Amino acid sequence: MLDKDGIAKRIAKEIKDGYYVNLGIGIPTLVANYIPNGINVALQSENGLLGMGPFPFEGEENADLINAGKQTITTLPGSSIFDSAESFGMIRAQKVDLTILGAMEVSENGDIANWKIPGKMVKGMGGAMDLVASAKNIIVAMQHVNQAGESKLLPACTLPLTGVRCVKKIVTELGLFEVHPLGGFKLLERAPGISINQIKNATAGKLIMDTEVPEMEA
Amino acid sequence: MLDKDGIAKRIAKEIKDGYYVNLGIGIPTLVANYIPNGINVALQSENGLLGMGPFPFEGEENADLINAGKQTITTLPGSSIFDSAESFGMIRAQKVDLTILGAMEVSENGDIANWKIPGKMVKGMGGAMDLVASAKNIIVAMQHVNQAGESKLLPACTLPLTGVRCVKKIVTELGLFEVHPLGGFKLLERAPGISINQIKNATAGKLIMDTEVPEMEA
Amino acid sequence: MINKVVVSADAAIQDIQDGMTLMLGGFGLCGIPENCIAALIKKGIKQLTCISNNAGVDDFGIGLMLKTRQVKKMISSYVGENAEFERQLLSGELEVELIPQGTLATRCMASGYGMPAIFTPAGVGTEIAEGKEIRNFHGKDYLLEMAFDADFAIVKAWKGDTAGNLIYHSTARNFNPVMAMAGKITIAEVEQLVEAGELDPDQIHTPGIYVHRIFQGEHYEKRIENRTVRTRN
Amino acid sequence: MINKVVVSADAAIQDIQDGMTLMLGGFGLCGIPENCIAALIKKGIKQLTCISNNAGVDDFGIGLMLKTRQVKKMISSYVGENAEFERQLLSGELEVELIPQGTLATRCMASGYGMPAIFTPAGVGTEIAEGKEIRNFHGKDYLLEMAFDADFAIVKAWKGDTAGNLIYHSTARNFNPVMAMAGKITIAEVEQLVEAGELDPDQIHTPGIYVHRIFQGEHYEKRIENRTVRTRN
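Protein chains in written order, with our numbering: chain A, 575 to 792; chain B, 575 to 792; chain C, 2 to 234; chain D, 2 to 234.
This is chain A alone, in the form it adopts within the complex (with noise of 0.2 Å):
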């Protein structure tokens, strides 16, 4: 089973370099710690930032340097700063090649809910349905099922749309799925020491696999 750390790990494998790339809250900004040696790339924060770096060092943080989550953060060099607007059009215009953010629920059509649970107070979509809708490459990290031990990959979101058609590949703690363009998961790698089955009993939605399926390397 992959802890948060070990689904940063594998989704920082789906980066190619010179690949521009967003991350989301949560588990998405940990994939940055795990880039491989080699691998340029350079991370869009929808606020306005391309070529975001590290958190500052103590006594180093700028209030006029944040990141989409309200951190204080640093820059790199060749980095480049923008208004919205701009950080949008970039985002609908396909510059950014891989969008990589948390669900609440992913469908097996690639819907994805992730910003409303009715009946509690909605804190808002951000820009989470820009990207969505825009993103020609999506990978969502999340757990696999949710607090109550539902599967969150469902054959139809039950939970406000954030974006309809969009997720191409899920990492959860059991394993890498692609979307499939006709409808389904497809389990494309176990995590260390997860069954087959354990992953059936998990997946609510339709789960399409190859009669082999590797685990994931470590």
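Mixed in with the good hints, there may be bad ones.
To be verified - Derived coverage of chain A by chain D (criterion: at least 3 residues anywhere in the stretch with Cβ under 8 Å from a Cβ of chain D; other residues may be distant): (1) 613-622; (2) 642-656.
Unchecked claim - Quick list of simulated restraints, FRET-style, between CB atoms: (3) A/Asn607 x D/Lys185: 29 to 39 Å; (4) A/Phe631 x D/Arg233: 51 to 61 Å; (5) D/Val6 x A/Asp579: 27 to 37 Å; (6) C/Gln204 x D/Ile42: 27 to 37 Å; (7) A/Ile613 x D/Gln48: 37 to 47 Å; (8) B/Met575 x D/Lys185: 53 to 63 Å; (9) C/Gln15 x D/Glu222: 46 to 56 Å; (10) D/Lys223 x C/Glu82: 48 to 58 Å.
To be clear, the hints were calculated from the coordinates, so they are not data collected in a lab.
Only a predicted model underlies this, so the values are computations on that prediction, with no experimental measurement involved.
In this text, a Cβ means the ideal position worked out from N, Cα and C, and glycines have one as well.
We have chain A already, so just place chains B, C and D on it with the hints.
Positioned in the frame of chain A, the structure of chains B, C and D alone reads:
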């Protein structure tokens, strides 16, 4: 009768303190020379400059600094540079207070034709169609009649239009005219030494006037 | 050049009326017009509709205007951690319209660019699309979203000059330039106000034509919402 | 950071094919990609559709590509003083589409902002509106104009870094930033190429994400089309 500088001088009196003004090629360019003392204006050049200054001194021309007429110019303290989309964005958003341009024909409902003569090589409309479609105040500077001696103030334009119902005032060598909201050219001022009859004879469109029409102040 | 300087935040906001629609720049607590918010509270202008990406926190930013019940409606993309906000929302005292962040930014920009409406795919297939016109271009669906119409835009910049030109610092830029373009009247507060001519024309982020009033603010707190650091080894 | 540097104009344009659509930055002869134009002529790529505000003059800029009959179609707002252009146009060798300058710029920007179409009042009531959808917003008519679709955008900047970030100088900015955003592949030639980190992130006009290839050009002539001066007293 006004010469070109006289026309420019009369138009300059229409400029109010704090105006942003776009000047077209030809007579309108001369208006910059007659802006009254104490009137602060900023000239917008649609290739991407606010705060256009005079021509550079000989030897100080900069190939990177030109106006919409491709003339070498200078900036003034407080100038700003921007791209072509932002330039026409501010024009469309009516941030430019006054547009002054030349015309081949103006109709009595304020239509303007100034870009194309059928059968002749067409060079293009440049920024004129954007300017006339968006400007809240347009003054036309032109000769009252064409080279064939025909009136350019017409019931309806005969040439292909640049924009419709947009011209507010016209200054020719014969006088200052306002386009009446219900149609017609209202004569507001006669050029020095010009009689009402001279103006009537040179104006094909409907001419409107009060019983007394003052002569233009020098 | 045209001089846009006013003496203070109080002077800058003096004709803002109850019931008006304001755009307020900033992302989270970063790049917010602290001085103008204080002046709006001091003057007690009420029933405001505020277009702002966020609503501040309980004791800073727009949160301060919520506490004094000056806001009738928030138009935002994310309203974050704000207990008073939540209380007013649940009690029905406060109206909230949630909009995708890119749509919010682009509806501001549309206004500044004289475009009455724009097309965006954000929200297609979601409840955001309800009642909106959907149009397909090249096989993809887009929503038609209208340009915002705001009585005032209030922005915060780093440097500004007397002609109203603005330069922002780092990610405190965010929504400020697109809102600066979009206000019927735009008020800019700056950390440093300089004479026209001191800023390089090539480095202006917001040309002065968009700015109607400018003043140098004071006592910037620039609060950090989420301080994250690395420790040195 | 991602490195976008290529060795030369020849390398930058090596996969441009006959019949493609190119955007070329510049206004008049100001801010034009001189090196790439020379490389396109050297390689002899033909049947090009060129989106560019102007078409150069007889012996400079795009005019050079007209002389070598490499251009099938020009999409411009003003085609100026160019005898060869006029000859080819009248003889039917060259196709020309004239577009209002603001529409041209905004159709580039729309492409870079992922907006499939925009509304503009420019051309309403004129022959430009023929066959186009007209829509009324708040009592005013607008034309629906489509985003451009260009295989390559070729722009010229003053400074650039290895990550593709660009800074333009003075009014040589013009169409370059909006075209840089809009190309499927964007090539930037710069007068000075520096290492990533040497440019201030706040002063970048075109973020590197839009630029696929960058190189330092040489022998910039920067010809002046209309030299106008004052004499000193």
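Hints, one by one, checked against the model:
no., hint, verdict
1, 613-622, "holds (count 4)"
2, 642-656, "holds (count 8)"
3, A/Asn607 x D/Lys185: 29 to 39 Å, "33 Å, holds"
4, A/Phe631 x D/Arg233: 51 to 61 Å, "56 Å, holds"
5, D/Val6 x A/Asp579: 27 to 37 Å, "35 Å, holds"
6, C/Gln204 x D/Ile42: 27 to 37 Å, "35 Å, holds"
7, A/Ile613 x D/Gln48: 37 to 47 Å, "39 Å, holds"
8, B/Met575 x D/Lys185: 53 to 63 Å, "57 Å, holds"
9, C/Gln15 x D/Glu222: 46 to 56 Å, "54 Å, holds"
10, D/Lys223 x C/Glu82: 48 to 58 Å, "54 Å, holds"
Of the numbered hints listed earlier, not one is contradicted by the structure.
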